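*Asks:* The lines below spell out each chain.
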Amino acid sequence: MKKLKFNILIITLFSVFSCADLDLQPTEAISGASVWKDLNLIELYVNDRYRELPHGFTQYAGGLRFTGITDESYHMHEPHHLDKYTQGSLTSGSLSNFYWGGFWLEAYTAIRNNNIFLEKRGGYTGGEAEKNRVKTLTAEIRFLRAFFYTELISRYGDVPLIEKPFDLNSDFDVQRIPVNDCVTFIVKELDLAIADLPNKADSMGNNFGRITKGAAIGLKIRALLFNASPLFNTTNDNSRWQLVSDACEQLFALNQYSLSSDYKGLFLNAKDSEVIFFKQFMNQFGPNNPIDILSDFYYHADYAGGHRIDEWRFPNGDGGWLSENPRQDFVDEYETITGKIPVIGYTGAVNNLQPRLNPALSPGEYAPNKPYNNRDPRLDYSIYHDETKFKDRSLEFWAGGKDSRTSVDNSNNGSKLGYGISKSLDESWSTKLTISNSKQPWIFMRLAEFYLTYAEAQFQLGQTGTAVDYVNRIRSRTGVNMPAITSSGDLLAKIKHERKIELAFEGNRWYDVRRWKDAEIEFAKDIVGVEVIKNPGSGVKTYRYFYFDGAKGKRLFPAYQSLFPIPIEEIRKSDLEQNTGYD
Amino acid sequence: MKIKLTKVDSLIRKSLLFTIMRTFIFLLCTTVFGFTTDKAFSQDKVTIDVDKVVTVDEVFSIIQKQTKYRFIYPQDMFANVPNVQLKKGKIQVSKLLEQSLAGSNVNFKLSENNTIVIKENIKTDTVKIIKEQQYQVSGTITDQANQPLPGANIKEKGTNNGVQTDLEGNFRINVKSPNAVLMISFLGFVTKEIAVNNQTSITIALQEAPSNLQEVVIVGYGTQKKVTLTGAVASIKTQEILQTKTANLANNLAGRVAGLTISSRGGEPGGDDINVLIRGIGTTGDKSPLYVIDGIANRGSFERLNPDDIESISVLKDASAAIYGAQAANGVIIVTTKRGKKGETVFSFNHNYSLAQATRRPHLMNAQQYLTWVDEINTRNNRPTEFQSIIRQYREGTIDSSVWGNTDWWDVVVDEWTPQSQYSANVSGGGDKTQFYVSGQLLNQDALYKGDAYGYKQYNLRSNLDTQFAKNLKIGFDLAARLGDKNSPTMDTDGLIRNIFSQRPSDFPYFENGLIAQTTAGSPIGLVNGDSGSKSTNTKKYDSKFSFNWDMPFITKGLFVSGYAAIDFYTTTRKDLSKPYDRYVFNPTTGEYTNIKFERANNISLFQQYSEELNKTYHFKLGYTKTFDKHAINSFIAYEEYSQKGEYIFASRDGLVSETLPYLNTGSDANIRNGGNGSQKARRNYFGKLNYAFDDKYLLDITVRYDASANFPKDKRYGFFPAASVGWRISEEEFFNKDLISELKLRGSWGLLGNDKVPNFQYYDFYNLNPSSIFGENPSRNLGLTPGTTPNPNITWETAQKINVGLDFKLRRGLFEGSIDVFYEKRSDILAPRNASVPVYTGITLPDENIGKVSNQGLELQLNHRNKLFGEVSYSLGGQFSYSQSKILFIDEAASVPEWQKRTGSPVDGLLVYQANGLYQNQSEIDSSPHFADAKPGDVKFMDISGDGIINEDDKILLDQSPTPNIVYGITMGLEWKGLSLNVLFQGQAMAQTIYQPYSDSKLNIENAYYEGRWTSPNFTPNAQYPRAFDTQSSSYREVSTIWVKDNSFLRLKNVELSYSLNQDVLKSIGLDSFRLYIAGNNLLLIYDNMKINDPESNSKLGWYYPQQRLISSGISLTF
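Top to bottom, those sequences are chains D and A.
The numbers in my numbering rise by one with no breaks, and the one at position 37 of the first sequence is 37.
The numbers in my numbering rise by one with no breaks, and the one at position 1096 of the second sequence is 1096.
Calculated from the structure, these hints are not laboratory results.
Errors might be hidden in some of the hints.
As the list claims (entries may be wrong) - With a Cα cut of at most 30 Å, we get these calculated DSSO-like pairs of lysine-lysine:
{"#": "1", "chain 1": "D", "residue 1": "416", "chain 2": "A", "residue 2": "1003"}
{"#": "2", "chain 1": "D", "residue 1": "391", "chain 2": "A", "residue 2": "575"}
{"#": "3", "chain 1": "D", "residue 1": "541", "chain 2": "D", "residue 2": "264"}
{"#": "4", "chain 1": "A", "residue 1": "192", "chain 2": "D", "residue 2": "432"}
{"#": "5", "chain 1": "A", "residue 1": "1046", "chain 2": "A", "residue 2": "936"}
{"#": "6", "chain 1": "D", "residue 1": "432", "chain 2": "A", "residue 2": "1003"}
{"#": "7", "chain 1": "A", "residue 1": "738", "chain 2": "A", "residue 2": "192"}
{"#": "8", "chain 1": "D", "residue 1": "432", "chain 2": "A", "residue 2": "597"}
{"#": "9", "chain 1": "A", "residue 1": "936", "chain 2": "D", "residue 2": "552"}
Just so you know, these numbers come straight off a predicted model, no measurement behind them.
All chains should be built: construct the whole structure from the sequences, respecting the hints.
*Replies:* Structure, rendered in structure tokens:
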């Protein structure tokens, strides 16, 4: 009996025992070997490269198009990060600072992932249809790689040009390649891509949002424009402008795009006729990591689906943060409807400035007690201010009003300068929505930018007539209807000014001012703000203008800051030379 | 269960007690003392018709009337025996008799013819005993060297009669007869029994206990006698652990074990952030020790075990850990739980109730200070001041206190004392064949926030069974279950504490009508009172272990096979419900209070998560233990394997219909999220041990381990980890004079150990699936494939080579005992990514590679002293001291790092900061030295270390110390007198530094120490400790410098326990074996520290963390 019990016991014991398998497989991943044999998986790989495209609705490095470091606006929630730059004390930086160093890391990671595709795709064998699909995907990857290189040169100037993925045992030594050579590479890559990419009209349905011929030509124009502009075109080589002009004509010849008649609405509508290249979002997806849903620092999280631009930019009276405050001196640049810049400067005490009105103004053309009347309609399309009709009410920026810094609720988020950005804002957003994410697309490229680029190139090539024509096409379109400019006077300044107004807050300003080598002056201008004062009895409003932070001279932009420093870690790890000014 | 009755001198009290007890016993029908008779006798019953009180004689007549039994006994035998109370009903004759006779010492016997003869027992009369204790014996107790022993115990065997020796070692005792036996005991000596044998004067020499020869210590895969131990193994006894009443077991070890660094970084219930290190830091990689609970490696949550279940804890500090192979390099902590013992069933119960509060609460600036600070920032940043008139009104006391408050927000949100209670009970015992230990624990901790919405509850259950299954086969079956229920606010702890800091002290928490006021920064009240929802994490752990041990004397004596299978199953469910909560805004124009809860409609959201994990460990061992002549061999070879499978899912929805229906199906369709993944681990190990002792004098211990870990590729998976240690008990040598030192052992060890705590699959080329880009005219999200970490096909574990030399000693009579250890350790192949040297432009996501080298050395001292004073008071004093210092021998570094920032040659975790050189006193000081662009008088002055005339990253320096102390020490004191005992623990550390830097952005409040210590002008504050009022834009804050580095040395009164145990006489009268009452305190007092702001054990840079807790406890423990 005992013996039997004993035997049963031993048998039971050994039956539960099985050799532990040490050859485990990752549970949420696919092996490299299988990815490159399967077109579906290759497609997923390419999809994921689109995810790496930065956009302008995040606040850190990947969100490349921030306006708060230009003369457009002041970012009142991030000064501790941005002041280093705007006050001229950017140092050799660090990768861990997501504003200044982070993009270097993100761009080269994306470039490596694109290089992996270009290296591995050759191993794929399939039928004709499949091979054609791979061809298109290859063109998309070439575009994406070129996109990151264009961004890199625009920030850092000469950069290492890496075309193949490194492995752990590679020799990592590389040199910075001159911008001109990088641009040659970018253009060559894009020309290859343009040949294989579909037109916008052929890229609708489920493919809507994938890269098209137009986007690739647009990127080529941008790369060529940088190379032709004063920052990089040190020899003033006019042939570079010819290349820009040719590329613009290549784009226009596609006949796929036309200027929008809805300046305000186009930023919420990727299907608008003017839109060339964009990134889409879906508001029902929140932060990537669900654990962070309730975290306080969620506004720095990476979004896998939606973004939060409406919450960040909404008036505080509607529960928004009003993070980015357009500057009074920027608002002043919006012309009157007769085409004159109304205010050309300020005098007086720093906390009670008197505007210097443009002497060319006709009487009544601009009323200092009604400063927002009779202005370029693009002012109201782009900026909200006191009395702007917003949702179903009129905004109250006056001291004590619902949208002021002395409001009853949410006063901490009241604008410090008296303005908020309304361009690309979705007014239907509300704190009462179940979903607090937003979904409007980030528009990388639209036709107006290339009209203005073309105008600039034509001007540089001496074709002032064409230049004026293209500027006026923008000014005269439905919904804007601004008077035409002429070629008299400083035409380049007019082109630059038009670009400033037309493309405000879309991220271009930071790139343009640097490439023009105007940043030393433009980005060092003092910030002016306005406080609206409402007489409680009469309801009459007056406007007190002031230098922000109570002083002039708070902003400084040394010329060398036109290029970012290469992160210090990178300099220490390699033979790369640092940009001038950051040693 | 057995109820013991004690004789009481007074006859009246005795009879009263007996009457009560009898009635009690009748109702319970319990046996008081047993007697054996035949079956019929015990089954015959008599009927009692009505409740009544009768004499014993009447009882006999009742029985005689109703049964065939007859009684024979002397008349008047029961004259002095109390009456018996009878209850209406039927009762067995045997029961009735037993209980009626319980008060008398009689003997009875059932003879033929159903006649019961009752006789009086001889030696049971108490009066007689007293008479007999007239024989007096006197004498002297000495040790072997004829030195008198004061305070030795002399007890008459079989009685409670006892005395102690006086200061000369003399005693005098009255015993009941010249044949009595005396038992003489003394701490540190072998207890001796001496028959009096008609002597009247006796001199007795006690033998010193040879260092508690039988004391065993748990080591890797077995036990070993402490005297023959050759490794550096520290063990801690359960009594010591229980002196501390904290809810976290790791806390209870602090200051008690040499070589163990326990740093409490925070005190949140259920999430106590405690950092455990063995011998400091030996690697740049994972530093956590391996936990082994009841033989199972990696059994999680050591700190959540029921402290009452712990039998012992051992810490393997040197090569003795090598038997755990690839996981052992950071040392091993082995825990064993209690098991049943043959003999009486013992029930024990423990309860304590504690009150907790922060060891140091934040003291933030008050309203006036805060507004002054804000305006000083304005001034520094050239902005107009905002609050000058308000500040003046505060100062002058003319402020309108209905508009401007002065709120201490910490007091608004946090309770002064938070309750915590703990109950535990266990029953253990067993017969010859089967033994059991069954226990349960209930712990309830409230979180520090006002109200009791949040906290931690824990339920522990354990059952350890052993049975002799067959002649040579023992099997064991253990089950343990734990439920942990952590309920915390929706905002994470640091965020919540930050929220307190972000309140303006001039704001009010409530309106006069009691409504919660919305504040400038958002009221924190709804976040802590339960209104805003909760994050509740529910952990369930089921550990099971089935084990056997089969002795095989039929092959050869000493041979055995043993093994176990452990199946552990863990689940965690998390449910986060967040919902709108009340706070009001007052509109002075309309006089209305608006609840802004409704500002955001219907945003009740629910996040749920479930994860589970199944761990399997199988272990087989073939062992051989034999002692012959002077040789003792203890050896085994074993095989063990481990596998783990886990899964995780989550889902969430927003817009729930109602907060009373916190289920996913009540949520909106619009924002559904879900996901999940899985994980796997496995390892396979072969190992063996040979332990040899010659004459208990020359000791040798060899272990080998051959390990395979699934974390590494096939050809890098197996590693060999040998270790050897030797010992020489010098005191056992002939030549050694034991007069002063009774025990002296020299020991040394060497071994190779591994560390494989890195993410797995780093050798594998893989692509991760994740939600990715959005395409389509009707946008939809697509899956994407992201390249994984760049594979490293050569990855394997890091290796530690450890050397230890130690000396154990014990002075005569055990007055002093202690040990000294010195160690050196060298890690190589440390796993780390080459982030410092591989440029980012490569785009590579670097895997861990075996590249680092670190050395670590140090020493440990442990010393204990025990003695008795005045014969009655026994006391003990102990101390432990540990020092360790790490040094990086090789680390991946960029080639052009400045010399003074090179980590090679530096300690592992030094801080990289700017060197501050005081504060700028005036503008000319700024102009004449390199400075940041924003520098102003009163700002931190930075040293230009590189000497290039500018301050940049190159000027940072690497500090030698880190939040991990190089020195830790503890001092224990014990005092015992009669039933009173006092235990005190002091704990300290030195050579540690941490960055404490308040975050001030002109909206957040900070500790007023920074305000008090700030620079204001060169005239008034030339020696200010802190820079002038600053916000995040100031380089004083932005660039971390030594001005923010604090020395974390401290000495604290860590633990005090004062307890009182009832003496045996009283215990017997109430039927208990022991009964103890105690009060205790933990983290009572900081005797010395430099920090002065947060608790010196914290490493929170900003001070936004759940503070360490001080506990004041009281409790009882009893056994019967």
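*Asks:* Hint by hint, note whether the structure agrees.
*Replies:* Tested hints:
Under the criterion of a C-alpha separation no larger than 30 Å, the hint pairing residue 416 (chain D) with residue 1003 (chain A) is consistent with the structure, at around 15 Å. This hinted pair does not check out: residue 391 (chain D) and residue 575 (chain A) have alpha carbons roughly 37 Å apart, beyond 30 Å. At roughly 28 Å between alpha-carbon atoms, residue 541 (chain D) and residue 264 (chain D) fall within 30 Å of each other, so this suggested pair holds. At roughly 84 Å between alpha-carbon atoms, residue 192 (chain A) and residue 432 (chain D) are farther apart than 30 Å, so this suggested pair is violated.
At most 30 Å may separate the alpha-carbon atoms for a hinted pair to count; residue 1046 (chain A) and residue 936 (chain A) meet this at roughly 24 Å. For the proposed pair residue 432 (chain D) and residue 1003 (chain A), the alpha carbon gap of about 27 Å is at most 30 Å, so the pair holds. A hinted pair counts as satisfied when its Cα atoms are at most 30 Å apart, and residue 738 (chain A) with residue 192 (chain A) qualifies at roughly 21 Å. The straight-line distance between the Cα atoms of residue 432 (chain D) and residue 597 (chain A) is roughly 11 Å, inside the 30 Å bound, and the hint therefore holds.
Taken as a hint, the residue 936 (chain A) and residue 552 (chain D) pair is honoured in the structure, with Cα atoms around 17 Å apart against an allowance of 30 Å.
In the structure shown, a violation is registered for the earlier hints numbered 2 and 4, in ascending order.
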